[in-house]
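Residue numbers (the numbering used here), protein chains in the order written: chain A, 11 to 122; chain B, 3 to 117.
Check each hint, because a few of them may be wrong.
Said to hold, decoys possible - Derived DSS-like pairs (lysine-lysine); straight-line CA-CA distance at most 25 Å:
(1) 66(A) to 109(A)
(2) 43(B) to 121(A)
(3) 121(A) to 79(A)
(4) 109(A) to 73(B)
(5) 54(B) to 36(A)
(6) 109(A) to 54(B)
Since the hints were made in silico from the structure, they are not lab data.
These are the residues of each chain, in order.
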Amino acid sequence: SQQGEEDPQALSIQEGENATMNCSYKTSINNLQWYRQNSGRGLVHLILIRSNEREKHSGRLRVTLDTSKKSSSLLITASRAADTASYFCATDHSGNTGKLIFGQGTTLQVKP
Amino acid sequence: DTAVSQTPKYLVTQMGNDKSIKCEQNLGHDTMYWYKQDSKKFLKIMFSYNNKELIINETVPNRFSPKSPDKAHLNLHINSLELGDSAVYFCASSQDLIAGQYEQYFGPGTRLTVT
């Protein structure tokens with residue numbers, strides 16, 4: 011299976027702390043994306059990182075990609091209670107079919 | 003304005019019934035998708051359409067039939083519903099077919115409960 015794995019499955023931190031989530035995958039990718047899902051809602055795209063990129067930033071989010079280790083990490087700095095959600099990585103292995111493979115997600119709780 | 007909308011939001015029905023879920027996007031995107039999210043939050047693609055043409059058809063029972071009347075709509079019809087069909091179904095769209103180059107925009111989901 012190409013499904014990615016995310017680590018940890020659950021994470022609980024205090025507001026203001028940083029949160030790091032990791033994603034590993036099994037076969038080579040074209041691109042990797044991170045999504046957030048608030049409880050009972052649809053997924054919202056956060057960042058897309060291409061296979062030839064190593065790091066990307068968007069506001070308080072920092073994503074790294076290590077294709078040699080087939081892994082990516084999402085760092086949320088100075089977390090807020092509103093960051094409480096599930097975070098998913100999704101990998102594109104095909105490049106031309108529209109198919110994304112989602113990991114099982116990391117549930118993040120940020121306590122005020 | 004909602005970018006990707008789905009109706010209904012909740013659907014409770016009995017085994018053996020036939021039901022449909024509708025999806026519409028007003029983003030002008032060429033590609034639309036259906037995903038199924040199970041109780042463990044595992045999200046799996048079911049179908050994708052590009053300009054009304056079926057591109058991805060994963061190993062989904064043929065009781066599930068997508069229909070794309072135009073680029074902005076992708077409906078999902080399910081025949082002979084089974085208990086195992088209970089899940090949240092998400093519609094999504096992206097600008098183009100090459101998913102890895104474009105983010106996907108998700109609808110709010112339809113929670114289907116089969117009793």
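Here is how each hint holds up against the structure:
1. Between residue 66(A) and residue 109(A) the CA atoms are separated by roughly 22 Å; this keeps the pair inside 25 Å, and the hint holds.
2. Using a Cα cut-off of 25 Å, the hinted pair residue 43(B) and residue 121(A) holds, with the two alpha carbons roughly 22 Å apart.
3. As the CA atoms of residue 121(A) and residue 79(A) are separated by approximately 32 Å, the hinted pair breaks the 25 Å bound.
4. About 18 Å separates the Cα atoms of residue 109(A) and residue 73(B), which keeps this hinted pair within 25 Å; it holds.
5. Distance hint between residue 54(B) and residue 36(A) is unfulfilled; the C-alpha atoms sit about 32 Å from each other, more than 25 Å.
6. Of the pairs offered as hints, the one joining residue 109(A) and residue 54(B) holds, with about 16 Å between alpha carbons and a cut-off of 25 Å not exceeded.
When held up to the earlier numbered hints, the structure conflicts with 3 and 5 and fits the remainder.
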